[in-house]
Amino acid sequence: MNAATIHRMSRLLMTAATAAVLCASAAAAQDGPGYSFGDSAGKNEACLTCHGDAQKVKGASLINQTQFAHTTHARIGCPSCHDAVGAGHPDGKPTPRASCQQCHAEVNSEYSLSIHAGKAPCAGCHNPHKVESPREISGMEINQMCGGCHDKFKMSAKHGEWLPQADLHLYMLPCITCHTGAKSYFVSMYIVSTKNETRLGKPEVATYEQLRKVTGGRDILSLIDTNGDNYVSIAELRSFNRSQQHAFLRLQGMMTPETASHKFEILDNRRNCTFCHGSGSSSMQKSVLALPEENGTYRRVAVEQGAALDALYGTPDFYMMGSNKSTVMSIIGLCIICGGLIMPVFHGSLRFLTRKNRIKKEHHS
Amino acid sequence: MSEKKMVYLQPIPIRVWHWTNAIGIITLIVSGAQIRFPEVITVLGSYRTAIWTHNIAGLIVAVFFVFWLVYYQMVRDTLDKIYIPNAEDLMHGILRQLLYYCFWYFVGRPSPFHASPEVKFNPMQKAAYLVVMFIIVPLVVLTGILLMNVTPLRVLILMSGGIKIIDALHFFMACCIFAFLFTHVYLATLGATPLAYFKPMIFGWEEVEEHHEEPHVEEPPTIYRPVRHFPEYPGKTP
Chain A
1 MNAATIHRMS RLLMTAATAA VLCASAAAAQ DGPGYSFGDS AGKNEACLTC HGDAQKVKGA
61 SLINQTQFAH TTHARIGCPS CHDAVGAGHP DGKPTPRASC QQCHAEVNSE YSLSIHAGKA
121 PCAGCHNPHK VESPREISGM EINQMCGGCH DKFKMSAKHG EWLPQADLHL YMLPCITCHT
181 GAKSYFVSMY IVSTKNETRL GKPEVATYEQ LRKVTGGRDI LSLIDTNGDN YVSIAELRSF
241 NRSQQHAFLR LQGMMTPETA SHKFEILDNR RNCTFCHGSG SSSMQKSVLA LPEENGTYRR
301 VAVEQGAALD ALYGTPDFYM MGSNKSTVMS IIGLCIICGG LIMPVFHGSL RFLTRKNRIK
361 KEHHS
Chain B
1 MSEKKMVYLQ PIPIRVWHWT NAIGIITLIV SGAQIRFPEV ITVLGSYRTA IWTHNIAGLI
61 VAVFFVFWLV YYQMVRDTLD KIYIPNAEDL MHGILRQLLY YCFWYFVGRP SPFHASPEVK
121 FNPMQKAAYL VVMFIIVPLV VLTGILLMNV TPLRVLILMS GGIKIIDALH FFMACCIFAF
181 LFTHVYLATL GATPLAYFKP MIFGWEEVEE HHEEPHVEEP PTIYRPVRHF PEYPGKTP
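Line order of the protein sequences matches chains A and B. Each residue of the first sequence is one higher than the last, beginning at 1 in the working numbering. Each residue of the second sequence is one higher than the last, beginning at 1 in the working numbering.
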C-alpha cells in the first residue's frame, strides 16, 4: 500500500466519521431540547419542574430557582453535571454527579495546597446551585460560610491571643482578607439596617425587600445616588449618612480582596496592623457600594476614590483607630496641650527674671 | 520667728499610687500618640505593641484610681477635706493663691499656704485636682473601657452618642491630662528649693517653716481664779 492510497483511505474515514456525528446530532435535536453546553432553557426547566417545587422535593434536592437562574451552572445546564440520569428517574438510584475539578482544575490544584485540603470538599463551602462569585456576595455571607465549620467563639478566642478586639475584627472583616493572598484590596460598602429599625438594634445587612420598601419601589441605588449617574460621590455618601429619613440605615464597610484565591493560608504580614490602621492606607482607598439584588446577589456601583473612610466615619458606629481622625480634633487637642505650657513658659520666664528678689528675701530671713 | 519642722505628708500608699500613676500616664501618652498617629510616631515599635501597652497601662491607671479613691475615702476618710474646696477657699483662698502665683511670688513674699497632713493642697491645687481627679480622669477611664470593649459594650456606646463621641471625649480628656502634666510638674518646682515639693512624694516628709509669735501673756484680772473641773464629780469644785 503506497502513501497515496493511505492518504485517500484516511480522508474517506474522516468524512464518514463527520457524517456520523452530524447524523447523531440531528437525531438528538429531533428528541427535544438540546443538552449541550450553554443551553439551559429546556432541560433545566424539565428538572426544575420537580426540583424547584417545595411540594415535590425536600432538603438538598430542592433548588431555589431565583438563586440558581443567574449562576454559570444554570447556563451550562443540569445535565452537564448530572449526566446519564435514567429515564426512570426518580427511581431511588443515586444521581450521577460530576466532580468539580472536571471544570475547575486550576482552583482545585490551588485548593489542594491549602490548609483546608482534605478537610472540606468544595460543597462544604459552595452550594453548587447557588454559586456566586465574590463580586456577588457580601462579606458577612463569606464569613457565614467559614462559620459553618469554624466556631465563632473558638475563633474569637484563638485570634484574641494576638489580635486586640478579635471579636470586632472578625465581625468587621471577611476571613479571606487575611487568610488569602491578594495583590489589591477594596472596601465593599453595604447598607445595614438596625434590628426592628431601632436606634440601638443590632445592625444586619439590609435585604432587597427592606430597601425597596424604603425607596417606595424605586431603584435602591436612588437612596444614595441622588443624581442618577450610576456613580457614588463622597457628597452623596455624606448626604445619605446625615439623612434623618432613614436613620436606621447605615453604611458599613468590609475590606475585601480584589481576587479571592482558594489558597487559604496564615499570612504573617497581616499581623502588621498598619496594613489597615494608618492614615491613607493604600488598601483603603478604593471602594464600591454593594447593593442587594432581587435574585439574592449584589451589584457593585463605583464610588469616588478615597471615599471609604470618609463615608464610614460619617456613620455613628464606625471608627478605625489610626485611620479615621478628624484634623479639626487633632488641632484642638494640640491647642489644649499647648495651653498646658502657658503657665510653665510665662511664669518660668518671669521667675527667672525676678530670681534676685527671692534671694534677697531669703538672706533677710 | 520661724523654725523648720519635718512633717510626714505623703504616706506610702499615696506615694505608690502617685508614681504608678505618673509612669502609667506617661506610657499612655506615648502609646496613645502612636495609636493616633502611627505614620509619624513609632516609639513602641509595632502598632500592636502600642495597643497592648496602652491597654495594660490604662487598666493599671484605672485600678490605681479606684485604689486612690478607696484609700482616701474609706481608709483615711479625708477625701473631701483634701480635695474639695471649702467656702473660705472659694471666697478668698483661690484668689489669694492666684495673687501669690501671679504677683507676690515674684517680689519674694512667702506662700500664703502651708501644707499639713490634713490640708495638703492650697485652694488652687484643690480646685485643679477636683477637676482632674473627679471629672477628667474618670471620663478618660470610662471612655477607655468602652473603647477597649467595642463589641460587648456596643449598646452603651450607642447610648452615649456613638463611638466617635466616645473617641473624641477620650482624646480631649487625654490632651487635658497631658496639658495638666506640664503645669503640675512646673508648680512642683515652686517650693523653697526646686526639689522641695518632690521630696515628700519620694520620702514622705516635707520640711515646713513654722512661724511662732511671741506669746502675749495678759495679766489675769484680780478677781479671776482658775477653777479646775472634775467631770467625775459634777457640781463639786475643790
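I should point out that these hints are in silico values taken from the structure, not numbers from a laboratory. Each residue gets a CB set at the ideal place from its N, CA and C atoms; glycine is no exception. Misleading hints may appear alongside valid ones.
[Claimed, not checked] Covered by chain A, per the in silico footprint, the following chain B stretches (three or more residues, Cβ under 8 Å):
{"no.": "1", "segment": "32-39"}
{"no.": "2", "segment": "45-54"}
{"no.": "3", "segment": "67-79"}
{"no.": "4", "segment": "97-106"}
[Said to hold, decoys possible] Cut-off 20 Å, straight-line C-alpha distance, at most; resulting in silico cross-link-like pairs (SDA-like, lysine to any residue):
{"no.": "5", "chain 1": "A", "residue 1": "Lys195", "chain 2": "B", "residue 2": "Phe182"}
{"no.": "6", "chain 1": "A", "residue 1": "Lys202", "chain 2": "B", "residue 2": "Trp104"}
{"no.": "7", "chain 1": "B", "residue 1": "Lys164", "chain 2": "A", "residue 2": "Leu251"}
{"no.": "8", "chain 1": "A", "residue 1": "Lys158", "chain 2": "B", "residue 2": "Thr151"}
{"no.": "9", "chain 1": "A", "residue 1": "Lys158", "chain 2": "B", "residue 2": "Asn149"}
Checklist entry - Against which earlier hints does the structure fall short, listed by number upward? => result 3, 5, 6
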